[in-house]
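Protein chains: 2
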Amino acid sequence: MTERKARADAARNREAVLAAADELFARSDSPRGVSMEQVAAAAGVGKGTLFRRFGDRTGLIRAVFAARSEAVRAAVESGPPPLGPTAPARDRVPALLDALLGFKLDNRHLSVALEDAGSGSPYAAEHYGWWHGVVRDALAEVEAVPDPAFAAHALLAAVRADLVEHLVAVEGMSGEEIRGRLGEYVGKVLDQDSSCPGQGGCGASATR
Amino acid sequence: MTERKARADAARNREAVLAAADELFARSDSPRGVSMEQVAAAAGVGKGTLFRRFGDRTGLIRAVFAARSEAVRAAVESGPPPLGPTAPARDRVPALLDALLGFKLDNRHLSVALEDAGSGSPYAAEHYGWWHGVVRDALAEVEAVPDPAFAAHALLAAVRADLVEHLVAVEGMSGEEIRGRLGEYVGKVLDQDSSCPGQGGCGASATR
DNA sequence: TTACAAAGCGGACCAGCGGTCCGTATCGTC
DNA sequence: GACGATACGGACCGCTGGTCCGCTTTGTAA
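Protein chains in written order, with our numbering: chain L, 1 to 208; chain X, 1 to 208.
What the hints contain is simulated information worked out from the structure, not anything from laboratory work. Computed from a predicted structure; not experimentally measured. Positions of the beta carbon are idealized from the N, C-alpha and C atoms, including for glycine. Fair warning: there could be bad hints in the mix.
To give an idea of the interface, some chain L residues facing chain X are shown, with a C-beta separation under 8 angstroms as derived from the structure [as the list claims (entries may be wrong)]:
no.: 1; residue: Arg27
no.: 2; residue: Gly79
no.: 3; residue: Leu83
no.: 4; residue: Trp130
no.: 5; residue: Asp147
no.: 6; residue: His153
no.: 7; residue: Ala157
no.: 8; residue: Ala158
no.: 9; residue: His166
Throw the hints in and build the complete structure from the sequences for me.
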């Protein structure tokens, strides 16, 4: 009925391609170094198949990326605090960014590939729109942030894949280091200056 | 001596190429749509000349970009406050970011072209390293910022060319609007006193 | 003014890419 | 087993960045 009779080989090939592409992107240093022909060969499939199923190179990358990020997405959409929607906004924003950063650290090459995917900017991808919406809405509940939409863009920019890649590969930072710095930075954006008037007023406990 | 006399035609061609490329990138919607052959043709020059002088596509783009940004660079390096080095850091940081944003607004397409220039990430360009250094050093003089190096990366990321392009082209924001929002945002990162109220105050402020 | 190397030029040429196309093999069904 | 629908695959195309080398232009020194 509404169900299209999916052919078995088609489904199998789809999986094979996703797996092969994932593998190749992870292995390769430069995403541009991975050609569609290579992916096809690695998956044991013809080039035509690849393009028919995914449209173009960008479509393939997006599909692989979507498959990989399913878990994080689920955690954000309906997981427990602090990532899930029930968490208080003040806690959720850092958690969201940390989760996204963690994901990019775990899938560096793939993430870079997605961002420089030929057609259109990274901002055109549905993936970005989704993250921006989530972060914006969470920020909107934090009074100290006057412009949630812009702040969301700015914060998300701080975890751009190529920046993360640069910090790791060129500046030699560890994942944990980056997470720490990002946490501090996000905290700075979220905290309201009004809560801490004058200098030296509020000292005391450095909650870690 | 060490100076080789530059041939007149060589210099003339160089200028012609830079001008033609600048023009083409400014006109074209997508930087990838501008081919080296087009640039060569527009400059009235052979393709070989182009590659001999600039090495590769990335080199060309960087050269055009460098020529364009000379003025801003000079203003930052030895201009009057608030952009120049004599300005107090607290005023200079917003000024720097505003200047960079302004430049990207004025040279949107070229900036996007530079960022997605094939070889290497945007972070590999000398241009980025320079900006990062300036912003980092200025931030270091603002006590409220615990990690100038990371904060500089994060702030610079907020004015990435493709983000700016997105805000203008897709979200329909005006240049002035963006400047305003950025100003607010930067202020948020810079403000705030060095200490915070006990409870959940300013995220993790672990001195390492 | 002429002669002559060195510097520079240009466009034919190449390998490789993303993407298309269509004859052929495979699948699911009756 | 037969048959239509569906998916396959790789030859093929246009175009790109980049190379190469015979030819022209330039600056200089006689």
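For each hint given before, does the structure comply? Return the numbers of the non-compliant ones in rising order.
Going through the list in order, the structure violates hints 1, 2, 3 and 4 and respects the others.
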